[in-house]
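Use the sequences and the hints to build the structure in full.
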Amino acid sequence: MLQEESDLALIIAQIVQKLKGSNLYAQLERQAWASLQRPEIKLESLKEDIKEFFKISGWEKKLQNAVYSELNVFPLPSHPAAPPEHLKEPLVYMRKAQGSWEKRILKSLNSMCTELSIPLARKRPVGEQKELLNKWNEMGTDEPDLSLFRPVYAPKDFLEVLINLRNPNYENGDSHSFRTHLGLIQVPLKVKDIPELKEFFVELGLTAGQLGIDDSTQVPPELFENEHVRIGQKVLSEQDSAAAQQYIRQGSPTALRAELWALILNISSQPEVLLCFSRDTSVLGHFAYNSASPPKSYIRGKLGLEEYAVFYPPNGVIPFHGFSMYVAPLCFLYHEPSKLYQIFREMYVRFFFRLHSISSHPSGIVSLCLLFETLLQTYLPQLFYHLREIGAQPLRISFKWMVRAFSGYLATDQLLLLWDRILGYNSLEILAVLAAAVFAFRAVNLMEVTSLAAAEAVLADLSTLKVMPLLQIFLFATVT
Amino acid sequence: MSRVSVPCHVKGTVALQVGDVRTSQGRPGVLVIDVTFPSVAPFELQEIMFKNYYTAFLTIRVRQHTSTHTPAKWVTCLRDYCLMPDPHSEEGAQEYVSLFKHQMLCDMGKVLELRLILRQPSPLWLSFTVEELQIYQQGPKDLGIWFQVSPTLPASGQYAFALQSPSMTFPKWLSHPVPCEQPAPLLEGLPDPSRVSSEVQQMWALTEMIRASHTSTRIGRFDVDGCYDLNLLSYT
Numbered sequence: 001m002l003q004e005e006s007d008l009a010l011i012i013a014q015i016v017q018k019l020k021g022s023n024l025y026a027q028l029e030r031q032a033w034a035s036l037q038r039p040e041i042k043l044e045s046l047k048e049d050i051k052e053f054f055k056i057s058g059w060e061k062k063l064q065n066a067v068y069s070e071l072n073v074f075p076l077p078s079h080p081a082a083p084p085e086h087l088k089e090p091l092v093y094m095r096k097a098q099g100s101w102e103k104r105i106l107k108s109l110n111s112m113c114t115e116l117s118i119p120l121a122r123k124r125p126v127g128e129q130k131e132l133l134n135k136w137n138e139m140g141t142d143e144p145d146l147s148l149f150r151p152v153y154a155p156k157d158f159l160e161v162l163i164n165l166r167n168p169n170y171e172n173g174d175s176h177s178f179r180t181h182l183g184l185i186q187v188p189l190k191v192k193d194i195p196e197l198k199e200f201f202v203e204l205g206l207t208a209g210q211l212g213i214d215d216s217t218q219v220p221p222e223l224f225e226n227e228h229v230r231i232g233q234k235v236l237s238e239q240d241s242a243a244a245q246q247y248i249r250q251g252s253p254t255a256l257r258a259e260l261w262a263l264i265l266n267i268s269s270q271p272e273v274l275l276c277f278s279r280d281t282s283v284l285g286h287f288a289y290n291s292a293s294p295p296k297s298y299i300r301g302k303l304g305l306e307e308y309a310v311f312y313p314p315n316g317v318i319p320f321h322g323f324s325m326y327v328a329p330l331c332f333l334y335h336e337p338s339k340l341y342q343i344f345r346e347m348y349v350r351f352f353f354r355l356h357s358i359s360s361h362p363s364g365i366v367s368l369c370l371l372f373e374t375l376l377q378t379y380l381p382q383l384f385y386h387l388r389e390i391g392a393q394p395l396r397i398s399f400k401w402m403v404r405a406f407s408g409y410l411a412t413d414q415l416l417l418l419w420d421r422i423l424g425y426n427s428l429e430i431l432a433v434l435a436a437a438v439f440a441f442r443a444v445n446l447m448e449v450t451s452l453a454a455a456e457a458v459l460a461d462l463s464t465l466k467v468m469p470l471l472q473i474f475l476f477a478t479v480t
Numbered sequence: 001m002s003r004v005s006v007p008c009h010v011k012g013t014v015a016l017q018v019g020d021v022r023t024s025q026g027r028p029g030v031l032v033i034d035v036t037f038p039s040v041a042p043f044e045l046q047e048i049m050f051k052n053y054y055t056a057f058l059t060i061r062v063r064q065h066t067s068t069h070t071p072a073k074w075v076t077c078l079r080d081y082c083l084m085p086d087p088h089s090e091e092g093a094q095e096y097v098s099l100f101k102h103q104m105l106c107d108m109g110k111v112l113e114l115r116l117i118l119r120q121p122s123p124l125w126l127s128f129t130v131e132e133l134q135i136y137q138q139g140p141k142d143l144g145i146w147f148q149v150s151p152t153l154p155a156s157g158q159y160a161f162a163l164q165s166p167s168m169t170f171p172k173w174l175s176h177p178v179p180c181e182q183p184a185p186l187l188e189g190l191p192d193p194s195r196v197s198s199e200v201q202q203m204w205a206l207t208e209m210i211r212a213s214h215t216s217t218r219i220g221r222f223d224v225d226g227c228y229d230l231n232l233l234s235y236t
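If you're matching them up, the sequences are chains P and A in order.
At position 454 of the first sequence (counting the first as 1) the number is 454 in the UniProt record's numbering, and the numbers step up by one without a gap.
At position 31 of the second sequence (counting the first as 1) the number is 31 in the UniProt record's numbering, and the numbers step up by one without a gap.
Derived by calculation from the structure, the hints in this document are not laboratory data.
Note that the Cβ used here is the ideal one computed from N, Cα and C, for glycine as well.
Accuracy of the hints is not assured; some may be wrong.
From the derived model, a few chain P residues whose C-beta atoms are all more than 12 Å from chain A [as the list claims (entries may be wrong)]:
1. Glu199
2. Pro220
3. Lys234
4. Met447
Residues on chain A that point at chain P, a partial pick, calculated with CB under 8 Å [as the list claims (entries may be wrong)]:
5. Ser89
6. Gln94
7. Val224
8. Leu230
9. Asn231
10. Ser234
What follows is the structure, encoded as structure tokens:
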């Protein structure tokens with residue numbers, strides 16, 4: 001149909017434009033020129049012969065992986081009349097809320113700078129530069145005095161902002177209607193219910209094998225594990241990104257995980273200059289589809305002059321208390337700094353940024369909070385009601401888990417099994433489902449507590465939890 | 001396909017409700033917007049574009065000019081088009097929408113007036129409407145830029161289509177190309193000139209594409225001429 005064809009043409013044009021700036025494009029061009037020497041490339045059928053050569057040499061696969069990667073990351077091209085801010089976030093009141101939240105962060109950072117008389121950025125004096133060069137190799141062990149600095153914001157500050165989010169066109173009155181939401185989030189975003197989640201996470205069902213369940217010591221490896229590892233090795237040898245993403249939904253064998261993640265995130269094997277995350281300007285690209293915007297500053301003495309406007313920090317991301325928890329688990333997988341850095345950067349611009357910006361995206365933190373609360377209210381109504389009555393709104397406890405993608409709360413091997421599924425399903429919704437599953441698991445104990453503090457205590461230690469059985473039981477084995 | 005905006009007059013929305021608007025408890029779930037074209041002759045409608053604001057379903061009726069003396073009747077050209085898959089939630093609530101003539105149930109050749117019937121069955125929203133309404137008719141036909149094969153090759157009179165630029169207008173002779181010349185008799189031992197010329201055309205097009213494309217790689221610098229002395233963040 002006319003509309004679908006023109007939509008497809010637009011998507012193709014967008015992806016081509018994006019890939020033109022990439023390393024892969026330069027490599028493909030070089031390969032095409034070099035291939036002209038080959039005897040099988042004939043002048044009269046130049047285009048077809050080069051295409052055939054790319055297919056046989058594996059370059060076509062690399063291009064396919066790059067295209068698949070772009071499709072996963074970038075939102076579909078929107079209506080031509082839609083302004084760029086619409087692509088970042090379609091709902092006006094959410095954009096405004098994100099803008100206000102950003103302003104608060106900027107004010108907080110500015111007042112800290114003023115109080116401590118420290119500029120945002122300055123060139124190091126020569127003496128300091130020399131000192132730094134001398135101890136370059138021991139940088140990791142030497143820490144500057146950070147006692148006067150306080151975190152720019154903590155997750156609970158952010159939660160307060162989300163709780164106060166209101167749609168001005170929504171019936172927020174006191175009268176209870178069929179849609180009254182008893183949780184903390186009061187915006188009517190569309191979230192999946194359990195039947196939809198079962199369909200979305202079909203590979204986690206009871207009839208499919210899972211790493212994290214069917215690889216435990218009691219289960220003979222011939223039943224699932226051996227075959228699964230064999231398929232994983234095949235996927236890696238084929239270097240197929242899309243196949244890897246499908247495969248990892250059932251979990252990744254520990255030995256193959258580093259390579260599988262690199263394949264799914266389309267990390268180049270070229271040694272890249274290792275950049276400190278906050279100085280990496282390529283991260284600025286993700287602000288096209290992030291509802292947040294990078295903070296701006298002006299070179300000293302040039303306030304208001306646009307040619308002296310810069311982003312601060314260079315990557316546009318102001319970290320919050322606990323930000324380093326996004327990186328820590330990756331250190332178990334990658335020993336090479338360059339690969340580790342690339343994986344972290346890709347994970348951040350694909351997934352983690354959504355956990356600390358206000359947007360209506362299904363994987364955004366607002367939707368995750370609402371999904372968690374809706375699952376609990378619908379499928380554990382007694383527990384939800386009880387916790388609410390004692391002043392222990394469940395989201396107050398689970399928010400910190402979701403905002404850090406459970407890093408620091410689960411055992412590392414369990415966390416990596418969880419992050420396997422984030423990659424496999426290209427969605428963060430599993431964080432909300434796991435949070436609800438944890439409450440379901442400890443429901444009996446929680447029904448007996450009588451205060452928020454006691455509820456926190458019941459849910460303080462998640463380090464012994466096994467993630468996959470919890471998810472499977474909650475989604476597929478609970479009688480509703 | 002180029003398009004031209006048609007100036008229109010959008011009348012105020014009228015709520016359809018049973019009973020008195022002031023005394024009844026609920027909010028209206030149906031609104032009607034009339035769109036007239038006072039200074040334009042009956043035209044062929046190409047596209048309707050608008051920004052949605054919490055409307056769930058859209059029906060459009062059209063009144064067209066008839067050549068006979070019978071009065072123009074209202075005909076439904078779009079029935080219950082879904083803008084929000086779930087009327088109770090935000091999905092689709094503030095999206096930009098385009099509706100094209102091929103989606104309409106009837107021919108839209110001589111439009112006089114349009115009537116948009118908006119429905120929002122959910123009681124959760126305080127108001128709903130459509131904004132930034134624009135009506136388009138078809139623009140002047142597009143012309144392509146044609147180029148001729150290099151004169152150093154055996155004359156073949158072949159042309160190839162290379163670029164399309166709808167925003168430019170071209171001189172009349174471009175749309176009436178010189179008719180094909182008779183190909184010269186095939187000399188023995190030489191390759192078929194039309195085949196050679198088509199291959200060279202392809203190569204020319206490929207090299208032009210490579211030359212015309214430019215990369216969009218970021219340079220990676222965050223400073224201004226080596227300086228990154230910053231005092232405070234800006235709020236604007």
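Here is what the structure says about each hint:
1. The non-interface label for Glu199 of chain P is consistent with chain A: the shortest C-beta to C-beta separation is roughly 16 Å, beyond 12 Å.
2. Listed as outside the interface, Pro220 of chain P is consistent with that label: its C-beta sits roughly 46 Å from the nearest C-beta of chain A, beyond the 12 Å cut-off.
3. Lys234 of chain P, annotated as away from the interface, keeps every beta carbon of chain A farther than 12 Å; the closest lies near 35 Å.
4. Listed as a non-interface residue, Met447 of chain P keeps its Cβ farther than 12 Å from every Cβ of chain A; the least gap is roughly 31 Å.
5. Interface hint at Ser89 of chain A: satisfied, since its Cβ lies 4 Å from the closest Cβ of chain P, which is below the 8 Å cut-off.
6. The interface hint given for Gln94 of chain A holds, since its Cβ lies 5 Å from the closest Cβ of chain P, which is under the 8 Å cut-off.
7. Here the hint on Val224 of chain A is kept, as its CB sits about 6 Å from the closest CB of chain P, short of 8 Å.
8. Checking Leu230 of chain A against chain P: minimum C-beta separation of about 4 Å stays under 8 Å; hint holds.
9. Hint on Asn231 of chain A holds. Least Cβ distance to chain P is approximately 5 Å, under the 8 Å limit.
10. About 5 Å separates the beta-carbon of Ser234 of chain A from the nearest beta-carbon of chain P, less than 8 Å, and the hint is met.
Consistency note: the structure conflicts with none of the earlier hints.
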